[in-house]
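A.B. asks: Here is how the chains run, residue by residue.
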Amino acid sequence: MAILEVNDIASGYEGVQILWGVNLKLEPGKLTTLVGSNGVGKTTLLKTVMGLIQPINGSVSFQGEDVTNLSAHARANAGMVLVPEGRQLFTEMTIYENLEMGAFSPRARATFNQNLDKVYELFPRLKERTRQKAGTLSGGEQQMVAVGRGLMAEPEVLMLDELSLGLSPLLALTLFEALTRLKKTGLTMLLVEQNVTMALAVSDYAYVLAEGKVHLEGPARELSKNDEVRRTYLGI
Amino acid sequence: MLDQLISSLTDGLLLGFVYGVAAMGLTLIWGVMSVINLAHGPVIALGMFGTYLLFTHLGVNPYLAMVPVAGAGLIAGLVIYVIAVHRVINAPHLSSLLATFAVNMIIIGVGTAVFSTSPQNIDYSLGSVEVGFLTFPASRLVGAFGAILVTACLYLFLYFTRPGKAIRAVANNRMAAELMGIPSSRVLALSFGLGTMMAAVAGGLIATFFPFTILSGGPYELKSFVICVLGGLGNPLGALVGGLILGGLEGLIPTFMPVSWVPVVEFGLFVLVLLVRPTGLFGAK
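Line by line, the protein sequences are chains A and B.
If you read the first sequence in my numbering, its first letter stands for residue 1, the second for the next number, and so on.
If you read the second sequence in my numbering, its first letter stands for residue 1001, the second for the next number, and so on.
Honestly, the hints are just simulated from the structure, not real lab data.
Be careful, since some hints might not be right.
To be verified - To give a feel for the contact side, a few chain B residues facing chain A, derived at Cβ under 8 Å:
| # | residue |
| --- | --- |
| 1 | Lys1165 |
| 2 | Arg1168 |
| 3 | Ala1169 |
| 4 | Asn1172 |
| 5 | Asn1173 |
| 6 | Met1175 |
| 7 | Ala1176 |
| 8 | Glu1178 |
| 9 | Leu1179 |
| 10 | Met1180 |
| 11 | Gly1181 |
| 12 | Ile1182 |
| 13 | Pro1183 |
| 14 | Ser1184 |
Every residue gets a Cβ at the ideal spot worked out from N, C-alpha and C, and that includes glycine.
In isolation and in its complexed conformation, chain A is listed as follows:
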């Protein structure tokens, strides 16, 4: 059974509808990728899934329960965690405080120490500078804090919006390695990524979003051989 289901979601911003009936399912323990060109509504979809935007129509269910009317913080407390585009760190707070805020929910507090060890093991660089203000870090380090903060929330589903955007190829690779390690732990993830080649290479399943709807879907390996996907998104 799917852990997260998006049913016929229509959504957008004041006066501009962007999504016109999106259906999507995340299988537990799988890494799913959302592919689509700029402005097609990937971020809008994630924000709607998290409840930051109220959908015009459709529903979101998580672990079999309808969460469409829950606030974003209630969804986070239930285990739906988004690492937002542009990192959105608490720039005036230290790395440690950012991680602490990640573990704000009672659920996450119970496993604070284990998760902290896990994050430091995944990104040893963060451990060296726990007292540094997050706003003074480099882009790559900030993204590590953002992912680490998300992991501190003890996610059942981790959604990552533009993981490697604006990072050097080397740092992007580091983050993708972290992703594959997380995948091995059995974490369910949804990835939105402009580097489609890399995203499809690490994913189990993929959706292609076009014109506000799911245009194509299938196992990531098959989609990466699809002619249309290769032409449009992989540039081959």
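Using the hints provided, position chain B relative to the given structure of chain A.
C.D. replies: For chain B alone, kept in the frame of chain A given last:
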């Protein structure tokens, strides 16, 4: 002459600590939710009356009375937030200005009806303190001590407790806070409550220095604006330093020119800082 200067400066600085507390309430609310609370002055006045009523009718020591006054201030802030501010929190600034101004008018209206506008004072003296050639009322010293205590508590709360850190997180990035499971609306209400609490406590402390009416909060609200701008809006420690600067000026200016020049110099400074260093003297964000 020098003795006179030092004595005026000390007087002003001691008062400045209390100004700092009043301004801290205003700056906290601004820093967390970008709302300028125009009901700040009347809440200061309510703090004065709360302390006064507990003292004159129940015989509570005015300094002890500030504990329940602080509690009432917190609750009043939560109520004001829920009723008047929450609905306009995402609207343009003008909406929250008008909403808090409406609260301001309501409190002053009801306060005038209940207390009239004749001055009251708290008839409680701690005597005076002599340090070398300086003589000043002991209440000023206690007031300054109270202000430092309140500032220290606020600092410890914001940096070392979970709800305090949540306030800083929401102030820093409300969307991210919400995504991490922090109930941001409740945190905003708490921040507003704390800001109002600081105003009420400042009012209580001021009431031990001077006579007051329900309208007396107004000048302190204006001073708070000046102080916030001096110290950098949203910066609690800056508010304390700004309060000291303003208090010091108020002490010194009358030794050089007529007292009526005090507001002219204060607001001249206000405009100057806005023009030259709009982020405040201690340049926060």
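A.B. asks: With chain A as the partner, please determine if Asn1173/B meets the hint condition of a C-beta pair closer than 8 Å.
C.D. replies: Constraint on Asn1173/B satisfied, holds at 5 Å.
A.B. asks: Would the hint on Gly1181/B stand, with a C-beta cut-off of 8 Å toward chain A?
C.D. replies: holds, 4 Å
A.B. asks: Against chain A, run the beta carbon of Ser1184/B and see if the smallest gap drops under 8 Å.
C.D. replies: holds, 7 Å
A.B. asks: Hey, does the Pro1183/B contact hint survive, CB to chain A under 8 Å?
C.D. replies: Since the shortest Cβ distance to chain A is 5 Å, the answer is holds.
A.B. asks: Is the interface hint for Lys1165/B satisfied, with its Cβ closer than 8 Å to some Cβ of chain A?
C.D. replies: Holds: closest Cβ of chain A sits about 6 Å from Lys1165/B, inside 8 Å.
A.B. asks: Close enough to count: is the Cβ of Glu1178/B nearer than 8 Å to one in chain A?
C.D. replies: With a minimum Cβ separation of about 4 Å from chain A (threshold 8 Å), the hint on Glu1178/B holds.
A.B. asks: Holds or violated: is the Cβ of Ala1169/B closer than 8 Å to a Cβ in chain A?
C.D. replies: This interface hint holds because 5 Å falls under the 8 Å limit.
A.B. asks: If you take the shortest Cβ to Cβ gap from Met1180/B to chain A, is it below 8 Å?
C.D. replies: With a minimum Cβ separation of about 5 Å from chain A (threshold 8 Å), the hint on Met1180/B holds.
A.B. asks: Answer holds if the nearest beta-carbon of chain A is closer than 8 Å to that of Ile1182/B; otherwise answer violated.
C.D. replies: The hint holds - Ile1182/B has a Cβ within 8 Å of chain A, the shortest such distance being about 5 Å.
A.B. asks: Quick one, is the Arg1168/B hint okay against chain A at 8 Å, beta carbons?
C.D. replies: Holds, because the Cβ-Cβ distance from Arg1168/B to chain A comes to roughly 6 Å (cut-off 8 Å).
A.B. asks: With 8 Å as the cut and Cβ atoms as the points, is Met1175/B at the interface with chain A?
C.D. replies: holds, 6 Å
A.B. asks: Closer than 8 Å between Cβ atoms is the bar; does Leu1179/B clear it against chain A? Give me holds or violated.
C.D. replies: holds, 5 Å
When the structure is compared with the earlier hints, no violation turns up for any of them.
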